[in-house]
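J.: Residues per chain are reported as follows:
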Amino acid sequence: MKKQRNWREIGVGMVVPVLAIGIWQAVASMGWVNPQVLPSPLAVWERWVAYLLPLVPYEGYTEGGWWHWAFSGELIVDTLTSLYRVVVGFLIGGGLALPLGLAMGASNTVYAWMNPLVQILRPIPPIAYIPLAILWFGLGNPPAVFLIALGAFFPVLMNTIAGVRHVDGIYLRAARNLGAGGVTMFLRVILPAAVPYILSGVRIGIGTAFIVVIVSEMIAVNNGLGYRILEAREYFWSDKIIAGMITIGLLGLAIDIAMNRLNNYLLRWHRGLEH
Amino acid sequence: MDAHIQVNGVNKVFASDERQVVALQDIDLSIPRGQFTCLLGPSGCGKSTLLNAVAGFSPPTSGSILVDGQPVAAPGPDRGMVFQEYALFPWMTVEQNVGFGLDIKKTPKAEIRRTVDELLRMLSLTDFRQRYPKDLSGGMRQRVAIARVLALDSPIMLMDEPFGALDALTRRNLQDELLRIWAELKKTILFVTHSIEEAIYLADRIVVMTYRPGTVKRDILVDLPRMRDPAAPEFNLLKRELGQLVMEEQQRHHSDELRMAAVD
Numbered sequence: 000m001k002k003q004r005n006w007r008e009i010g011v012g013m014v015v016p017v018l019a020i021g022i023w024q025a026v027a028s029m030g031w032v033n034p035q036v037l038p039s040p041l042a043v044w045e046r047w048v049a050y051l052l053p054l055v056p057y058e059g060y061t062e063g064g065w066w067h068w069a070f071s072g073e074l075i076v077d078t079l080t081s082l083y084r085v086v087v088g089f090l091i092g093g094g095l096a097l098p099l100g101l102a103m104g105a106s107n108t109v110y111a112w113m114n115p116l117v118q119i120l121r122p123i124p125p126i127a128y129i130p131l132a133i134l135w136f137g138l139g140n141p142p143a144v145f146l147i148a149l150g151a152f153f154p155v156l157m158n159t160i161a162g163v164r165h166v167d168g169i170y171l172r173a174a175r176n177l178g179a180g181g182v183t184m185f186l187r188v189i190l191p192a193a194v195p196y197i198l199s200g201v202r203i204g205i206g207t208a209f210i211v212v213i214v215s216e217m218i219a220v221n222n223g224l225g226y227r228i229l230e231a232r233e234y235f236w237s238d239k240i241i242a243g244m245i246t247i248g249l250l251g252l253a254i255d256i257a258m259n260r261l262n263n264y265l266l267r268w269h270r271g272l273e274h
Numbered sequence: 000m001d002a003h004i005q006v007n008g009v010n011k012v013f014a015s016d017e018r019q020v021v022a023l024q025d026i027d028l029s030i031p032r033g034q035f036t037c038l039l040g041p042s043g044c045g046k047s048t049l050l051n052a053v054a055g056f057s058p059p060t061s062g063s064i065l066v067d068g069q070p071v072a073a074p075g076p077d078r079g080m081v082f083q084e085y086a087l088f089p090w091m092t093v094e095q096n097v098g099f100g101l102d103i104k105k106t107p108k109a110e111i112r113r114t115v116d117e118l119l120r121m122l123s124l125t126d127f128r129q130r131y132p133k134d135l136s137g138g139m140r141q142r143v144a145i146a147r148v149l150a151l152d153s154p155i156m157l158m159d160e161p162f163g164a165l166d167a168l169t170r171r172n173l174q175d176e177l178l179r180i181w182a183e184l185k186k187t188i189l190f191v192t193h194s195i196e197e198a199i200y201l202a203d204r205i206v207v208m209t210y211r212p213g214t215v216k217r218d219i220l221v222d223l224p225r226m227r228d229p230a231a232p233e234f235n236l237l238k239r240e241l242g243q244l245v246m247e248e249q250q251r252h253h254s255d256e257l258r259m260a261a262v263d
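As you go down the protein sequences, you meet chains B and D in turn. Under numbering that gives the first Met the number 0, think of the first position of the first sequence as 0, with each following residue one higher. Under numbering that gives the first Met the number 0, think of the first position of the second sequence as 0, with each following residue one higher.
What the hints contain is simulated information worked out from the structure, not anything from laboratory work. Note that the coordinates shown come from a computational prediction; the quantities given were computed from them, not determined experimentally. Every residue gets a Cβ at the ideal spot worked out from N, C-alpha and C, and that includes glycine. One should not assume that every hint holds.
[Said to hold, decoys possible] Now the stretches of chain B that chain D is said to cover, found in silico as 3 or more residues with beta-carbon under 8 Å:
#1 160 to 172
#2 175 to 185
#3 190 to 197
#4 260 to 270
[Claimed, not checked] Pairwise CB distance ranges, derived in the manner of DEER restraints:
#5 B:Pro-124 / D:Gln-69: 55 to 63 Å
#6 B:Asp-255 / D:Ser-63: 52 to 60 Å
#7 D:Asp-116 / B:Met-258: 54 to 62 Å
#8 B:Ala-127 / D:Gln-19: 23 to 31 Å
#9 D:Glu-256 / B:Thr-183: 39 to 47 Å
#10 D:Gln-19 / B:Met-258: 33 to 41 Å
#11 D:Lys-104 / B:Leu-265: 22 to 30 Å
#12 B:Val-87 / D:Ser-136: 26 to 34 Å
#13 B:Asn-5 / D:Asp-134: 19 to 27 Å
Bound conformation, chain B alone (with noise of 0.2 Å):
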């Protein structure tokens, strides 16, 4: 029974994208629009396959086994290049915030030590960052990393704070009487009573991570999603433009599935979350 469902499901979902490409194909054959505006969805199609495979034939290619071949494609190279970029970034923003927020979460004195200067600094999006990175970091990986862990520090730190400081009492209450204390309420109390909060925070810093990623390819790197199709313009290759579009959103639906997953895991104990 579910299983139909889910197939039904999936069909009705697919109606509005293939009508959509449905229609955009008819307009490119029918000649309505420069190619170099709007190329065709066929030939976004092709571009994207030829950016996925190997640039040189297997014969040719020296650098290493037929595995190594098979990943050499510009495609596959950019995405986990972006992937890489991300997941460091984010390591580096969210592994800072989370025991800063928890700190200022637990504690009034680290709060009211730390909290003007986190609103001073949280409205400033990243981007508005790129300046002093590359002035800081050059070119390359490190302004990169920096911007995107910046971009993860936030969300991740408020949710952080705000998940340790909405602990229930009846929490706190029922744990002191029980004879819990000090590292014990902590570790086991207020953490886990957190963790809601904590991973929405996850959540949008790793949205935030994926948008900062884009644009600080087009900037400081040359390699990367956000790289690819920024060159791309540069050469009018518009259905090349497209497909790295189709790849950022696929790999930013994979991270989100991805996330997904981990927060059904996570908190699997947490009502409202049954499906």
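Model the placement of chain D on the given structure of chain B, informed by the hints.
T.: Same frame as chain B, but now just chain D:
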């Protein structure tokens, strides 16, 4: 008789900017070991305040509370508390919830396991040990909360309207269960309720409290044989008498609310 819980001249005042509320006034209570005592009264009569003071969550403004002759300074596992809202940790399974208190005390794993097994059996929770609280009904959750307190083997159980949110059948079921546990483990129980029938069904002694300021209005021993039959004439005689007392306080509560509404 040695008093297990001794409440001496306790006052509790909640003060805000606009007004002061005297929640407890000159409460003296001496509760012997093993007694099942119900604090009965309408909402706002300070019965939960008194329970929280005994639990150590909120100390009295003046007066003292002694447990085993020692003044109460903080919450502690010697006075296990069962809350109306269950207060189970939703991120822990049933067995983790029940074992949590022992885990804090650094009890060896094998011993925790043994105690938890036994309690789960006692409260018919064995089949639910791996479940999370969200998957349990209210009655089941309250069983877990009771098991969690029993795991500590605390001589005193404090219960704050624990069955207030349950339907009538589940409620009766858990009341019987609690009586069985109390008889078996000989706990001193201080039980807050606003249900007259519940108080008569459970208690050795019923302390009726007045609405603001909270004082002891009547302190009676219930000497009906157990298990008590709520349909028996003596039961209903007592119910009528207590109903009268509680209703007087309920009316004071009501007129107080009307007055405050008029002020606002």
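J.: Now look at each hint and say whether the structure bears it out.
T.: Hints versus structure:
1. 160 to 172: holds (count 3)
2. 175 to 185: Since three or more residues must qualify, the claim that chain D covers the segment 175 to 185 of chain B holds, with 6 doing so at under 8 Å.
3. 190 to 197: With 3 residues in contact (Cβ-Cβ under 8 Å with chain D), the coverage given for the segment 190 to 197 of chain B holds.
4. 260 to 270: With 4 residues close enough to chain D, the hint holds.
5. B:Pro-124 / D:Gln-69: 55 to 63 Å: Holds - the Cβ-Cβ distance for Pro-124 (chain B) and Gln-69 (chain D), about 59 Å, lies within 55 to 63 Å.
6. B:Asp-255 / D:Ser-63: 52 to 60 Å: holds, 59 Å
7. D:Asp-116 / B:Met-258: 54 to 62 Å: This hint is violated: roughly 38 Å between Cβ atoms.
8. B:Ala-127 / D:Gln-19: 23 to 31 Å: For Gln-19 (chain D) against Ala-127 (chain B), whose Cβ atoms are near 53 Å apart, the range 23 to 31 Å is violated.
9. D:Glu-256 / B:Thr-183: 39 to 47 Å: holds, 42 Å
10. D:Gln-19 / B:Met-258: 33 to 41 Å: violated, 51 Å
11. D:Lys-104 / B:Leu-265: 22 to 30 Å: holds, 28 Å
12. B:Val-87 / D:Ser-136: 26 to 34 Å: violated, 47 Å
13. B:Asn-5 / D:Asp-134: 19 to 27 Å: holds, 24 Å
Violated hints, in rising order: 7, 8, 10, 12; the structure is consistent with all others.
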